[in-house]
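Undergrad: The opening position of the sequence shown corresponds to residue 8 in the working numbering, with each subsequent residue numbered one higher.
Certain hints may be false.
[To be verified] Label-pair ranges, simulated between beta-carbon atoms: (1) V11 - N199: 30 to 36 Å; (2) K12 - D303: 38 to 44 Å; (3) N199 - V58: 32 to 38 Å; (4) L229 - K312: 31 to 37 Å; (5) K216 - G139: 32 to 38 Å; (6) P107 - D156: 26 to 32 Å; (7) L185 - P107: 47 to 53 Å; (8) S306 - Y195: 24 to 30 Å; (9) E158 - T10: 38 to 44 Å; (10) T26 - H152: 22 to 28 Å; (11) W155 - K316: 48 to 54 Å.
[Claimed, not checked] Within a straight-line C-alpha distance of at most 16 Å, the following computed EDC-like cross-link-like pairs (lysine to aspartate or glutamate) qualify: (12) K118 - D257; (13) K280 - D311; (14) K12 - E158; (15) K208 - D115; (16) K291 - E138; (17) K201 - D179; (18) K140 - D179; (19) K12 - E138; (20) K140 - E307; (21) K280 - D257; (22) K46 - E138; (23) K280 - E158; (24) K208 - E109.
Bear in mind the hints are in silico, worked out from the structure with no lab data behind them.
Everything numeric in this text was worked out from a predicted model, so none of it was measured.
Every residue, glycine too, gets a C-beta built ideally from N, C-alpha and C.
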Amino acid sequence: MMTVKEINYSVYGRCVCATYEDIELIATLEVGPRIVSLKNRTSVNPFYNDVTGMHLGRAFADKTLKQYGEDSGVWHNYGGHRLWTSPESAPRTPYPDNAPIEYVVGDDSIKFIQPVQKWTNIGLEIEIRFEGKNTLNVYHRLTNHGAWDAEFAPWALSVLDAGGVEIIPLPDNNTGFLANTWVSLWSYCKMNDKRIYWGDKYITVTQDKECANPMKIGLRSLHGWSAYLLNNTLFVKYFTPYYEDGVFPDGGMNFETYTESTFIEMETLGQLKKVKPGETVEHKETWEIFDNVSVDDFSEASIDKMVEKYIIQ
């Protein structure tokens, strides 16, 4: 039921286009991997595409990386969905991924494999498995190809286009006299940022093209989902809910969001652990995309109606 072909897409050059029932997905082959487009019938593509190359990281030209044969220059955002390692630390996390990648096609799946990073000795791959007309499972795998243990957590980041509203459900478990919600704030985040609404049942974050200030928060998500509504297209991510025995990065966060003037990110995190040589860790997300979705406003009552119709509880 899945069809796969190579195409030239936007500024990314050679890409793979995979279609399954109503879903069309495009991923890069010359860099990345990045999932740069996802559409369903009449939906818009919710992913941000950095067509001008405006979002660049630091140049990787220091002696440490060069002695391991790594001279691929600057890390690029590129946009789309990517896989990183957490906690964020340079040069391990924003490692240049500017080289061609391999892909393997299965029955209803496609796997994108990055060359093993020469300095970190970490191998990254993203596998997409189509499950229905609106649904796909996304498996993120990190393998330690080094000779020693390496400590990190899988970190899956969806970079989404400007102009939408993100919905994050708040914990609703009754813990009596004890706290039930933990939030991490980055140093550049302001609690009174106009883009954030701290509600009773939901946090909403409005992507504002006129606001260049970066903002990032983290949350221990007990519900294990977040959503982004952009031009009547609803993109939903499901992930492993926070649980007490889990060890997650950034103060115990399994979900984070970041925004500035050109995009917004929905980020999920797996467990932080020491990964042994030859060991692979996996982090799964499930994506759903719906078209022709509208809400009267972003009051919690209106969000409730949308959640009841589209979100699996």
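Undergrad: Look at each hint and say if it fits the structure.
TA: The hints, checked one at a time:
Distance hint for V11 and N199: a CB-CB separation of about 48 Å, inconsistent with the stated range 30 to 36 Å. With their beta carbons about 41 Å apart, K12 and D303 fall inside the hinted range of 38 to 44 Å. Remark: the range hint 32 to 38 Å for N199 to V58 is upheld by a beta-carbon distance near 33 Å. For the pair L229 and K312, the supplied restraint of 31 to 37 Å is violated, since their beta-carbon distance comes to about 22 Å.
In this structure the hint that K216 and G139 lie 32 to 38 Å apart at CB holds, the actual value being about 33 Å. The beta-carbon spacing between P107 and D156, approximately 30 Å, falls within the hinted interval of 26 to 32 Å. At roughly 51 Å, the beta carbons of L185 and P107 sit within the given window of 47 to 53 Å. A hinted range of 24 to 30 Å for the beta carbons of S306 and Y195 is consistent with their spacing of about 29 Å.
As the Cβ distance of E158 to T10 is approximately 41 Å, the hint placing it in 38 to 44 Å holds. Between T26 and H152, the C-beta spacing of about 33 Å breaks the proposed range 22 to 28 Å. The supplied range of 48 to 54 Å is met by W155 and K316, whose beta-carbon atoms lie about 50 Å from each other. The suggested pairing of K118 with D257 is violated, with an alpha-carbon distance near 29 Å, which exceeds 16 Å.
For a cut-off of 16 Å, the pair hint linking K280 to D311 is broken: about 36 Å separates their Cα positions. For the proposed pair K12 and E158, the alpha carbon gap of about 37 Å is over 16 Å, so the pair is violated. Proximity of K208 to D115 is assessed by CA-CA distance (about 37 Å); at most 16 Å being required, the pair is judged violated. Note on K291 and E138: the hinted pairing holds, with a Cα-Cα distance of about 14 Å set against a maximum of 16 Å.
Proximity of K201 to D179 is assessed by CA-CA distance (about 24 Å); at most 16 Å being required, the pair is judged violated. Of the pairs offered as hints, the one joining K140 and D179 is violated, with about 31 Å between alpha carbons and a cut-off of 16 Å exceeded. Under the criterion of a C-alpha separation no larger than 16 Å, the hint pairing K12 with E138 is inconsistent with the structure, at around 19 Å. A hinted pair counts as satisfied when its Cα atoms are at most 16 Å apart, and K140 with E307 does not qualify at roughly 28 Å.
Between K280 and D257 the alpha-carbon distance is near 13 Å, which keeps this suggested pair within the 16 Å criterion. Between K46 and E138 the alpha-carbon distance is near 15 Å, which keeps this suggested pair within the 16 Å criterion. Our distance criterion of 16 Å between C-alpha atoms is met by K280 and E158, whose separation comes to about 5 Å. Simply put, K208 and E109 have alpha-carbon atoms about 43 Å apart, too far for the 16 Å limit, and the pair is violated.
Violation of the numbered hints given earlier is confined to hints 1, 4, 10, 12, 13, 14, 15, 17, 18, 19, 20 and 24; the remaining hints are satisfied by the structure.
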